[in-house]
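Chemist: Residues per chain, in single letters:
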Amino acid sequence: MKRLYIILFCFLIMAQASAQDKKRKPSKAYNKQSNENEKFLDKQWWLGFKAGTNLSNPHVLKTYSVFSPTNYSPEESGKKYEHFAQLGAQATIEASFYFKGFYFSLQPTYQHSRFMYTNTYSWTDDEVPTNSLQLNYEQEQKVDHFIIPFLIKYDFAGSKLRPYVQIGAYSAILINANKFVTISGVDNASGGANEFTDPTIIVGAKDLFAKSSWGLIGGAGLNYTLGNVRLNLDAQYKYGMSNITSTKNRNSSDSLSGVGDILDDMTLDNLSLSIGCLFPMRFLANGFKSSDR
Amino acid sequence: MFKRFYTLLLFTFVVLSCSEESDPKFDSENFTTIFDNYKFSIAYKPIDMLQTSDGGYIVLGSRKLQDSNYSGIYLLKADKNGNFVKELEVDDNYVNPVGHFTQIGETYNFFCMQYPSDSLKANIASVDVNIENITFTPVSSSTPDGINPTYPSVASLVDNSFLLQCYDHLNRQTALLVVNPTSGAVSAGKAFTLGVGAADNVDEAVQNSFLYAGRRFPYEVGKVGGLYFFNGFFDFNFSLVFTDLNADDPNGFVFGQQPDFNGGFSSVVSLGASKFAASTFFFGENYIMPNALIQTSGPSSMTPDELPGLSFPELVTNANVKILRSTINNKSVLIYGSDTKTKEIGLYFYDEATGEFLGSRYLGFSNPFEIAGIINTSDGGIAVCGTTYVAGRFPRICIFKLSKEEIAQNVK
Chain A
1 MKRLYIILFC
11 FLIMAQASAQ
21 DKKRKPSKAY
31 NKQSNENEKF
41 LDKQWWLGFK
51 AGTNLSNPHV
61 LKTYSVFSPT
71 NYSPEESGKK
81 YEHFAQLGAQ
91 ATIEASFYFK
101 GFYFSLQPTY
111 QHSRFMYTNT
121 YSWTDDEVPT
131 NSLQLNYEQE
141 QKVDHFIIPF
151 LIKYDFAGSK
161 LRPYVQIGAY
171 SAILINANKF
181 VTISGVDNAS
191 GGANEFTDPT
201 IIVGAKDLFA
211 KSSWGLIGGA
221 GLNYTLGNVR
231 LNLDAQYKYG
241 MSNITSTKNR
251 NSSDSLSGVG
261 DILDDMTLDN
271 LSLSIGCLFP
281 MRFLANGFKS
291 SDR
Chain B
1 MFKRFYTLLL
11 FTFVVLSCSE
21 ESDPKFDSEN
31 FTTIFDNYKF
41 SIAYKPIDML
51 QTSDGGYIVL
61 GSRKLQDSNY
71 SGIYLLKADK
81 NGNFVKELEV
91 DDNYVNPVGH
101 FTQIGETYNF
111 FCMQYPSDSL
121 KANIASVDVN
131 IENITFTPVS
141 SSTPDGINPT
151 YPSVASLVDN
161 SFLLQCYDHL
171 NRQTALLVVN
181 PTSGAVSAGK
191 AFTLGVGAAD
201 NVDEAVQNSF
211 LYAGRRFPYE
221 VGKVGGLYFF
231 NGFFDFNFSL
241 VFTDLNADDP
251 NGFVFGQQPD
261 FNGGFSSVVS
271 LGASKFAAST
281 FFFGENYIMP
291 NALIQTSGPS
301 SMTPDELPGL
311 SFPELVTNAN
321 VKILRSTINN
331 KSVLIYGSDT
341 KTKEIGLYFY
351 DEATGEFLGS
361 RYLGFSNPFE
371 IAGIINTSDG
381 GIAVCGTTYV
391 AGRFPRICIF
401 KLSKEEIAQN
411 VK
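Chains A and B are the protein sequences, given in the same order. Numbering of the first sequence is given in the numbering used here, commencing with residue 1 and proceeding in unit increments. Numbering of the second sequence is given in the numbering used here, commencing with residue 1 and proceeding in unit increments.
Treat each hint with caution, since some may be false.
[Claimed, not checked] Derived pair list, reagent style DSS-like, types lysine-lysine, alpha-carbon separation capped at 27 Å:
no., chain 1, residue 1, chain 2, residue 2
1, B, LYS331, A, LYS79
2, B, LYS80, A, LYS62
3, A, LYS248, A, LYS211
4, B, LYS64, B, LYS343
5, B, LYS412, A, LYS206
6, A, LYS248, B, LYS331
Everything labelled a hint here was simulated from the structure, so no lab data went into it.
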């Protein structure tokens, strides 16, 4: 049912774009040359590159744990996620087709995203209450995706500075993933308070993540015209719609299950900020002179 | 415009079709669970495990008792996904739980002994699927040759009766009894000497093996053809003994090694006739014999010269070895499970027909892991039960569940 709504949503976007087309009627005031330029500028291809940084926000769909407590609540040792905390990076090639105020944009992106959660486990001695051990697990995920977003951008009227809004959907293909597990703690059962941090365990985790996922994108940005080139500042929020964890391979890493870690079912949101530039692919005259509407 | 419309629609469908689907089946086919307890001093040791009729699991374990050197009885129920459901610490008057944990109808059965009352007599303990009700049936004292059914060591269901090995501490002899699972009546049995005139050190070793911190010996029982066998103490040694339960002397026996019981079988499973899947320990070394021919009549020896096997230096000294007969990729496979020096649980796969090595798999990482039991599961996979030492110090029961597809990847 959820997917049906998504499809309907896409229909509505296209219907709205179609309606905009019909409202724009050709002006009779232009001379022949102006009409030709106008007609020419109704369409334009833009090609560019942008790169920047991103922050991830995991949403848990269903929680899993290797530890199954027999005499305390699972929530006590449950995972605590950090939101928008670890910086990632992305690089994008943008190819956009401009048609009467709208851009239909394909933006293949290499995205490196990071997110982290922590667990805390405690053991105490009922007979000697000062005897205790606390372990803190920090589990960081570094996930690389090849993302294929399809966006519709609406360019507000302007000359040099042209703000825009955008909406679309993306498909993400997993390229690589690693997990970094750091265990630290306080041991009060060895004759004194002993704080320790074990060396970080690094485990290849590609099999633990879904090979592909998808989501929706919303965002806004600014284009600044500099000669023929547009400098671009772009902000996107990717809203994950599908589980990024491999449900089948969740337990396939003996290394991780050995230290008590297992991935939850989750979607991953991502807030990205990029800067870049766009080049027009169609020109009005020789000398690579272009013009904006 | 419609062309673009269709393109977008196609794109949407492609994207949707690629998303990861959650399937509850995956959660039950593969999981790892560590059953944790926040108490510092809690120490549960798993002994054996069964899959229950509801798809869940019951782990039979032992626990340390405050007022006794014997181990108490601990039962843990997990659901089909390995999540903790319930635990049961059984009355301290019943101690020394031993495998094999056996399902009969809707009851799950094992042997234990009464302590301190009723002279350490063996009892059949039966628990229901939800480990809510547990009943005890004492083994009848009406036995052949006046055998005292004390100190149960191990039992298996053979021909719809329990074949029980126990230690008659009053007469200092190892006994093999055929016990009715319902009434505890003994229909047949025979006892065998520990060694005339030199039973003291054997007696001490046997009795220590029943204590919580004592050395655990790999007791075993079974049947091959018309003969019963037990792996236990006999004539100064830890030996494999064959008997028809009629003759006073064994039909055959494979001697273990003195001193200090440094040689013997660490596991033995009959594959029919004189063919066995077995493993031995010999002065610290471990040998695996997936296709052993063991003579069931007359005396013989288990030394590597006389009964050669595959040396496994990666296993710990006198390793605990479990053997499971399974079917993987439509092939009869023997799965050996044991404890490695790297503190992992090692699984070794062999072709049952030829003894050919098919592959291996190691379970565990970072914290130490030790095997307790390995079973086939109803979905065609296997489950391994063991102990892990969380934070390197707290012994906790763990279960590894491996799917049919996953173990198939470990077999050539």
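Chemist: Hints the structure violates: just list their numbers, smallest first.
Modeler: As far as the earlier hints go, only 1 is violated by this structure.
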